[in-house]
Amino acid sequence: MKKITVAVLSLLLVFSLVLAACGGNGGNSGQSSTGSSSSSGSGSSSGGSQGGGSAEPTKLTLWTFQDQHKTYFEDALARWNELYPDKPIDLSIETYPNEDMHNKLLIALQSGVGAPDITDVNINFFHNYLKGDIQLLELNDIIEPELDKFITSRFDIYAKDGKYYGIDFHVGITVVYYNKEILDQAGVNADDIVTWNDYIEAGKKVVAATGVPMTAFEVTDQRPFWPLIVQRGGDYLDADGNVALDSDINIEMLHVMKDMINEHGIAIPMPGGRTSSEEFFAFMNNGGIASLIMPSWYMSRFVDYMPDLAGKILVRPMPVWDSTDAKSVGIGGTGTAVTAQTKHPELAKEFLAHAKLSRESNIRIWEILKFDPIRWDVWDAPELMQADPYFNNEKIFEVFLQLKDDIRSPNMGILSSAAQDIVKNQVMFKVLQEQSETPEQALQAAANELRKQQ
Amino acid sequence: MANIKKLLYSDKLAPYLFVLPFVLCLLIFFLYPMISTFIMSFQEVISLNNTRFIGLKNYERLFDVHFYNALKTNTIYTIFVILTAIPIPLLIAVMLNSKLSRGKMFFRTIIFIPALTSVIVAGVPFRLMFGELDTAFINSIMNKMGLPSQQWMLNYWAGMMLMVMVHLWRTAGVNMVYYLAGLQSLPEELYESAEIDGAGGIQKFFYITLPLLKPILIYTLTVSIFEGYRMFGESYVFWNESMPNDIGLTIVRYIYQQAFQRNDLGFGSAIGIVLLLIVLAINMVQLKYFGLFRKERD
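Residue numbers (our numbering), protein chains in the order written: chain L, 1428 to 1881; chain Y, 1076 to 1373.
Pulled out of the complex, with its shape left as it was, chain L reads as follows:
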């Protein structure tokens, strides 16, 4: 009898060990959700005590790939629980590395288990989730009532067949960040730079006077190539989602970029390859280049990762080639979506509307994240019109308001992710870093490869 019990118990033990080893994932997420609930504790506890114990907080999970976004959602949660003590939320916010989170999410949505209620999705990957049976909930009912107060092109990039699936944080207006200290040494005034030819001439002066390159181009990512072509009317895909990567405008602009490196000597391939690498943060922070062409959301990276540049950075509009060009281009983005696996779709959507669409929240998006909110009717709010000490004590939105009505967004379609991948990994690297292919060769090869997938 005793031996039987021992045998059964040991078998059970073996099984549980096997299962524990194989199902490590489930245990993990359980742990992390208890871990992060403490971070949201401040908000939910205040809401709970004021509510007189009438409402039990609903547990929701949110995934993001940016720690800065987590900070923002914590703030939005605290405000929600204060505003709606009758329906408090206990939001557990989990941050994962960029690629990891998107792969994990894709598997969770594919297999039907384990997805969060609400999730951030990087625009680079967003259209992967709009293939086949869409596992994200349609958001038209919360977006449409307020659509007129928003820059609508920022919703179109997360839409398919007239249905919206994601809400962005920001417009991502592309601007030029100038290092004032370096420009002053070269006697260049940033306000005199209006056209790209001015920019190139100013660059030559900077290089001659200081030896510092005017700018750097990403070689394992896609900026400033993408904003530069979209500004002139080029793009990776056309409006119908067909491949347009090898258009004349694209080839011409890539030639211009290559010339800035080789012929004019004012640009270099970016150290670290991309603006999100540790190497580049250090390089930029040490005054490695005089200017950087990046979207407005990069302001938060300046503030967080390049403390030594405080007070020295000027934010100015993108130069233009001629009057037919758009004044600016909205690049990048994070669509926050509600997944089909949520057990509380209504509450999740309401919270998302609160966090991303309300006037108050759009002001907080600027205050916390330094993002240009997609709700333009807050752009002249006093909170946004404050001078910013990091950016030379200037009012950033005075610059943005000049551009507001002429911001182009890229075309998005089912091939978007593949197109961006190929530009990042093949075209930029081969043309600007290795210089092993001409712009024509690289863009045509990339376009042909994409057309095969169409």
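Worth flagging that the hints you see were computed from the coordinates, not collected in a lab.
Keep in mind that this is a model prediction, so the values were computed, not measured.
A portion of the hints provided could be inaccurate.
Said to hold, decoys possible - Computed, partial: chain Y to chain L, Cβ under 8 Å:
hint: 1; residue: Ile1121
hint: 2; residue: Leu1123
hint: 3; residue: Asn1125
hint: 4; residue: Glu1207
hint: 5; residue: Leu1208
hint: 6; residue: Glu1316
hint: 7; residue: Ser1317
hint: 8; residue: Met1318
hint: 9; residue: Pro1319
hint: 10; residue: Gln1336
hint: 11; residue: Arg1337
Note that CB positions come from ideal geometry on N, CA and C, so glycine has one too.
We have chain L already, so just place chain Y on it with the hints.
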């Protein structure tokens, strides 16, 4: 109750009972996924409940430059792994086995410790050391020696060297332990009689040590080939977001990219099946060549 007891103690049933957990694990976690991967490789997987058969289309797509690049990188990597991760640990093992060397335990320990780390943990310090700024560890040494800074991770061959280095650093200890175990079981008499016949150290190594270690060498060679072709982590830690011009693109990373990043499980499965066939074929040839299928002769 007596019946159950009888059942548990029966000679016929007990062995099956004891291997049952393993067999179940194999069936559920290996055989079932293998079969469904095989089936999926002929399908377009729209979602897991929505698939349709498309014949050999997934396999046709394998004839592209990226798969070729991945195969090339894997093959070169495997060759380098075989050329480093077998001779170097063997040399260390012979040195540590010698009666003349001191501090054996100390060196065995420090050479083995890296084996306990995961690839990612081991790779991160390498990635930081080989950063491309002048202030990164290796570049700062290069500069002191009067050499220019290198962009280690943006060059194919430098990148290959980094991956082989991380692999060697991690596996040298494990292979060393295998060889040490083999060396310690070699009969002392052979060496003594060789000495009487006037054999030197090098002759003893090539004519006694190497032939007697052959079974262990074949084992490590087989494992090295397999590890070379299934490599993922060594590349992932250096190029986790993008692989410029397919630097670091291995077959398994190609599977990962297509299946999980591009949401194309069917194509990913097809790559997986082809990888299985490649590794199987290479190992078969290698095992046949080294005579492992022949019957033991005395």
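Comparing the hints with the structure gives:
The beta carbon of Ile1121 of chain Y comes within 4 Å of a beta carbon in chain L, closer than 8 Å, and the hint placing it at the interface holds. A distance limit of 8 Å between C-beta atoms decides the matter here; for Leu1123 of chain Y the minimum to chain L is near 6 Å, and the interface restraint holds. Because the beta carbon of Asn1125 of chain Y sits about 6 Å from the nearest beta carbon in chain L, less than 8 Å, this interface hint is met. The criterion of a C-beta within 8 Å of any C-beta in chain L is met by Glu1207 of chain Y, whose closest approach is roughly 6 Å, and the hint holds.
At its closest, the beta carbon of Leu1208 of chain Y sits 5 Å from a beta carbon of chain L; the interface hint therefore holds under the 8 Å criterion. A cut of 8 Å between beta carbons decides the hint on Glu1316 of chain Y: the least distance to chain L is about 6 Å, and the hint holds. A least Cβ separation of about 5 Å between Ser1317 of chain Y and chain L falls short of the 8 Å threshold, and the interface hint therefore holds. Taking 8 Å as the C-beta cut-off, the interface hint given for Met1318 of chain Y holds, the closest approach to chain L being about 6 Å.
Given the 8 Å rule on beta carbons, the hint for Pro1319 of chain Y holds: about 4 Å separates it from the nearest Cβ of chain L. Look at Gln1336 of chain Y: its Cβ gets to within about 6 Å of chain L, closer than 8 Å, so that hint holds up. Below 8 Å, beta-carbon pairs count as interface contacts, and Arg1337 of chain Y has one with chain L at about 7 Å; its hint therefore holds.
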